[in-house]
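> The primary structure of each chain is shown beneath.
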Amino acid sequence: MESPDHEHEQAGHDHGDHTHPHDEVGRQDKPGYYDVLETAVRELLIEKKYFGADEIRRQIEVLDSRNPALGARVVARAWVDAGFRARLLANGRAACEEFGISFYDDTQLIVMENTQAVHNLIVCTLCSCYPRPVLGLPPDWYKAKPYRARAVIEPRKVLAEFGTIIPDDVEVRVHDSTAMVRYMVLPRRPDGTEAYSEEELAALVTRDTMIGVVPARIENGSTVQ
Amino acid sequence: MSQTEHLVKRLPNDIGGLPADPIVQTDHLLEPWEKRCHALADVLDFHKIINTEEKRCGVEALGAEMVGKLTYYERWIVAFSNILFRKGILTPTELARKMAEVEARWDEHAGP
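If you read the sequences in order, they're chains L and X. Going by our numbering, the first residue of the first sequence is number 1, and it counts up by one from there. Going by our numbering, the first residue of the second sequence is number 1001, and it counts up by one from there.
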């Protein structure tokens, strides 16, 4: 939780004369209603021994450890290793676990492969389900009404708003996630990357390529998220 | 179609296929309490206290106005509170007392 920014803020305070533990070091503003509500719910549940404070801390560390770079490594491996690619498409979760990515929830992962004939897009119309163990938390736009409402009814227009024009002879398939089943897109390997190393390939794979709103491109390499 | 029929057919979360505004590619770094709220949701799921579908339903049960006006994690923490009341795990009174305690602690610690 404690970022360098927080430490910097704290440096301006005199914290030298108290010794009680607290977990909100460096807070400047009075916590808002929902911040207080979250703290109260969590502390009550800990007091009642439903779980320990360390479990929340550990889960924050887990959340912090997940980001699109993990998914990018999975994609790059699938591009260079046909056997892994086949296993990934057959059972996304098992292949990711084989690759060393643990799933901290009960979800299944279905990986949809983009081809010359099919472009895939993922969405969660009901809320915000997303392959979090592999990609981290979704961006805000993925959770907002315009994307959730429109991706399933006019995906080509939605894609165009991301700058992605899908030719008419390419089928667009939209995959609506559920609490138990999550999707990830395996983007097409860009032309001209035959000589790239696996690591160089992974650098071309951004979050948005695995949601399916943009293709992987050689020039993506400088904008990896 | 009657003027209220759409309310029956579509609960607040069920927006797939509806007309909506252009995509705005928004994102933000989570506030500390938002990240704690997310971790809390995961831990509640691990302990089989509130699962993902209960969480989604709990958000939907807030009604269209709150779903529309609260932010993402605000909806979550309010839904968790309601679900915990319903399951008899927390009571509104003890939650109100604890919130007052948390605020008093901050006042004492930070002071005006």
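Source of the hints: derived by calculation from the structure; they are not laboratory data. Predicted model only: the values in this text are computed from it and were never measured. Hints are not guaranteed to be accurate.
If you want the footprint, here are the derived chain L segments under chain X, 3+ residues with CB under 8 Å [unchecked claim]:
#1 48 to 56
#2 112 to 121
#3 132 to 142
#4 157 to 165
In this text, a Cβ means the ideal position worked out from N, Cα and C, and glycines have one as well.
> Does each hint hold? Answer for all of them.
Against the structure, the hints come out as follows:
1. 48 to 56: Coverage by chain X holds here, the residue count being 5 at a Cβ distance below 8 Å.
2. 112 to 121: violated (count 0)
3. 132 to 142: As far as the segment 132 to 142 of chain L goes, the hint holds, because 4 residues have Cβ atoms under 8 Å from chain X.
4. 157 to 165: n = 3 at 8 Å, threshold three: holds.
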